[in-house]
Amino acid sequence: MQLSTDEQAMLRGDRGLPVKEAIEFQIAIGDFFGAERFVPISNAHMMGDIEVMGDAGLARLQQMAEGGARCAIGITTNARCIDFDHVASLGQIEDEAQKERRIIAHLRQMNVITADTCINYQTLYQPHLGEHVAWGDTGTVIYANSVFGARTNFEGGPSALASAITGRTPAYGFHLDAVRRGNLVVELDVDPSDYADWGAIGKLVGEPNQSYYAVPVFTNVRRAPTSDELKHLGAALASYGSHAMFHMVGVTPEAPSVEAALGGNTPTSVMKITRADIDRVYRSYDVKDGRCNLVVFSAPQLSLFELKRISELLDGRQVAAGSKLFVTTSNAMKRTASELGYIGRIEAAGGIVLEGVCFYILQNLSPIKQAMGWSSLVTNSAKLVNTITAHRFNTILRRTEDCIATALSGNVSQDSSRQPGAER
Amino acid sequence: MNAPLLTITVDRAAGPIVEGEAVISTEGFSPRYDLDRWTGVISKPGHRLEGVSIKDKILFFPTAKGGIAAGWAFYDIRGKGIAPKAFVFGVTNPVMVQGAIFADIAITEGWSVDPLSAIETGDWVRVDPTRRVIELLRRLVPTSVAPPRG
Numbered sequence: 022m023q024l025s026t027d028e029q030a031m032l033r034g035d036r037g038l039p040v041k042e043a044i045e046f047q048i049a050i051g052d053f054f055g056a057e058r059f060v061p062i063s064n065a066h067m068m069g070d071i072e073v074m075g076d077a078g079l080a081r082l083q084q085m086a087e088g089g090a091r092c093a094i095g096i097t098t099n100a101r102c103i104d105f106d107h108v109a110s111l112g113q114i115e116d117e118a119q120k121e122r123r124i125i126a127h128l129r130q131m132n133v134i135t136a137d138t139c140i141n142y143q144t145l146y147q148p149h150l151g152e153h154v155a156w157g158d159t160g161t162v163i164y165a166n167s168v169f170g171a172r173t174n175f176e177g178g179p180s181a182l183a184s185a186i187t188g189r190t191p192a193y194g195f196h197l198d199a200v201r202r203g204n205l206v207v208e209l210d211v212d213p214s215d216y217a218d219w220g221a222i223g224k225l226v227g228e229p230n231q232s233y234y235a236v237p238v239f240t241n242v243r244r245a246p247t248s249d250e251l252k253h254l255g256a257a258l259a260s261y262g263s264h265a266m267f268h269m270v271g272v273t274p275e276a277p278s279v280e281a282a283l284g285g286n287t288p289t290s291v292m293k294i295t296r297a298d299i300d301r302v303y304r305s306y307d308v309k310d311g312r313c314n315l316v317v318f319s320a321p322q323l324s325l326f327e328l329k330r331i332s333e334l335l336d337g338r339q340v341a342a343g344s345k346l347f348v349t350t351s352n353a354m355k356r357t358a359s360e361l362g363y364i365g366r367i368e369a370a371g372g373i374v375l376e377g378v379c380f381y382i383l384q385n386l387s388p389i390k391q392a393m394g395w396s397s398l399v400t401n402s403a404k405l406v407n408t409i410t411a412h413r414f415n416t417i418l419r420r421t422e423d424c425i426a427t428a429l430s431g432n433v434s435q436d437s438s439r440q441p442g443a444e445r
Numbered sequence: 072m073n074a075p076l077l078t079i080t081v082d083r084a085a086g087p088i089v090e091g092e093a094v095i096s097t098e099g100f101s102p103r104y105d106l107d108r109w110t111g112v113i114s115k116p117g118h119r120l121e122g123v124s125i126k127d128k129i130l131f132f133p134t135a136k137g138g139i140a141a142g143w144a145f146y147d148i149r150g151k152g153i154a155p156k157a158f159v160f161g162v163t164n165p166v167m168v169q170g171a172i173f174a175d176i177a178i179t180e181g182w183s184v185d186p187l188s189a190i191e192t193g194d195w196v197r198v199d200p201t202r203r204v205i206e207l208l209r210r211l212v213p214t215s216v217a218p219p220r221g
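Chains as they are written, first to last, in this note's numbering: chain A, 22 to 445; chain B, 72 to 221.
Excised from the complex, chain B in its bound form:
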């Protein structure tokens, strides 16, 4: 196994070890407010990820919005085959954690490096809740330094 390009440690974590394509959001998330729970596409008009499918992705959100819905909704979208592989939050709320554990989806909270400055949407990452780390394995566009974000 090649050494990761970057390792971010997280404060809290639960769930299985997973790898997948990163989706980086500058806006928070609620499955009720933002997600079409029948297609897996972010549907809230004007959401920074509007039109993006969350299926099989590693989702990076700064915050959690709302809400009680995630308690059941993550289990439901997993049943429908449109769940992400992991949720990586800056600050989350308990329902996201309860819902992710109930649905056996990886979830983490808090980060040693802001992913916004270090990881690009499309990069390939591993989430390892047992070691409390996020590892950047390959870049979508190979560069030594991530370009600045607008």
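So that you can see chain A by itself, here it is in the shape it has in the complex:
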């Protein structure tokens, strides 16, 4: 890589050992991908929690903090694995909760804003067209690239942190024009009417096109989707396909037309998605004996609008005895939603609202699953259906209202497809 005078100084150790180690790590990554240079970044977003870091990661973080590592630009944290008010009730391990507190303290010592949210793009920071950032998790990346036209690769925790320490990232992948061009066309012959529909589209496109470098171009969008709809589509594409970007003609900033979105590329395939395809996704899940005592709204954390809707659907009703309904959101969203009465309504119905976490990364999840007697999990998040599988849940994707019906009855039906003509 070609290094600027500043970057050479960092590499020599003129700015201290933590900066030297950070840029050495970044150069190794840049060399792998053939990056020619660094680009300055204005914002970073990082994952860092005890569930994914383990004791080794905690020790490394402590070493960095005590060595004087300090972030030079704004950096926030992704959802973590512990809501400290629910450690005992969930059956999480107190010792691990203490480690999580130490992680938070080390991160703050390094000038990291521990905001604990995976919806930073809705609540904390909205980069502009062409702005270079270094974000993770994947849902934040695909939203930044696609909806804002900002530029970022998938950044794991250590590399996002390194980027914030040096204030730059190697110029490869989605920082480059050529990689951002669409190479797959998806015609939407359907008007998706639920977050689960958008997530199902993400699964249908992502699964058969699994590649970081696949960039779908959606055409024929009948109605401009909301931020939450784009969030569920993006999260599912990133999860099933490992995609970091999509275009939606007439909606996203780098897609005024199909031609502009493709940028001269010939699409590798052209697919069409119909209502029947989405209904086939819903029918593909095995509901076993039809009983389900776990419903989760999470992955990504819920926005204020999603919290309002869940509270309305649950208003005056009661989660079935023996069933659990979880909602996860950010600390800030929970506070606002509390003041607006949404959280009270969800809790009055028996729902549990966790803050600052995401369900699939909860600490001690496999033992909790055993202890709680959970097997099937119903959710409107296609991402959650895919990400939680290592814990051996039988995951079932359903529309939001069907999820609520499962929470109230303790039962899930095999066929969730909608009647013909019922499209809204």
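Don't read these hints as lab results, they were simulated from the structure.
Take the hints with a grain of salt, since some may be wrong.
What the hints assert, rightly or not - For lysine-lysine, the following DSBU-like pairs were computed, each having C-alpha atoms within a straight-line distance of at most 35 Å:
hint: 1; chain 1: A; residue 1: Lys309; chain 2: A; residue 2: Lys345
hint: 2; chain 1: A; residue 1: Lys309; chain 2: A; residue 2: Lys329
hint: 3; chain 1: A; residue 1: Lys390; chain 2: A; residue 2: Lys345
hint: 4; chain 1: A; residue 1: Lys309; chain 2: A; residue 2: Lys293
hint: 5; chain 1: A; residue 1: Lys345; chain 2: A; residue 2: Lys329
hint: 6; chain 1: B; residue 1: Lys151; chain 2: A; residue 2: Lys293
hint: 7; chain 1: B; residue 1: Lys151; chain 2: B; residue 2: Lys126
hint: 8; chain 1: A; residue 1: Lys293; chain 2: A; residue 2: Lys329
hint: 9; chain 1: B; residue 1: Lys126; chain 2: A; residue 2: Lys309
hint: 10; chain 1: A; residue 1: Lys390; chain 2: B; residue 2: Lys151
hint: 11; chain 1: B; residue 1: Lys151; chain 2: A; residue 2: Lys329
hint: 12; chain 1: A; residue 1: Lys329; chain 2: A; residue 2: Lys390
hint: 13; chain 1: B; residue 1: Lys126; chain 2: A; residue 2: Lys41
hint: 14; chain 1: A; residue 1: Lys329; chain 2: B; residue 2: Lys126
hint: 15; chain 1: A; residue 1: Lys390; chain 2: A; residue 2: Lys309
Take the given structure of chain A and dock chain B to it, following the hints.
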């Protein structure tokens, strides 16, 4: 040193030179979705490698799934003593690369010959990131031609 039985060149590579037993997967990989990160065993129900331990193996995957978790998770499983020796990907994503470099585990991307048609699980292979090659050193079952896969 005997000449390798087969040499595959790779497009990109990083990490130390390692030797070990190959595990060939026809399905992609994510440490979050597929792996029990406390035992090192692939635990996702229905994964083509379900029940297989990744410890000390040279893992061949066509694609990467997800995900941000690998950034820390590879360092964590290395700390727990259950890490593989190398990841060999057809197409990977940056987090796998970032995570492997952070944990000092060998990683490669792209291949001149599809390992699925040339290497069997259990074969002994060397990954040399400096020369960007994968070398087949011995077969588990000595044959001149690998049997076709179903």
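Hints versus structure:
no., hint, in the structure
1, A:Lys309 <-> A:Lys345, "holds (18 Å)"
2, A:Lys309 <-> A:Lys329, "holds (31 Å)"
3, A:Lys390 <-> A:Lys345, "holds (12 Å)"
4, A:Lys309 <-> A:Lys293, "holds (31 Å)"
5, A:Lys345 <-> A:Lys329, "holds (19 Å)"
6, B:Lys151 <-> A:Lys293, "violated (46 Å)"
7, B:Lys151 <-> B:Lys126, "holds (10 Å)"
8, A:Lys293 <-> A:Lys329, "holds (33 Å)"
9, B:Lys126 <-> A:Lys309, "holds (34 Å)"
10, A:Lys390 <-> B:Lys151, "holds (23 Å)"
11, B:Lys151 <-> A:Lys329, "violated (43 Å)"
12, A:Lys329 <-> A:Lys390, "holds (28 Å)"
13, B:Lys126 <-> A:Lys41, "holds (32 Å)"
14, A:Lys329 <-> B:Lys126, "violated (46 Å)"
15, A:Lys390 <-> A:Lys309, "holds (17 Å)"
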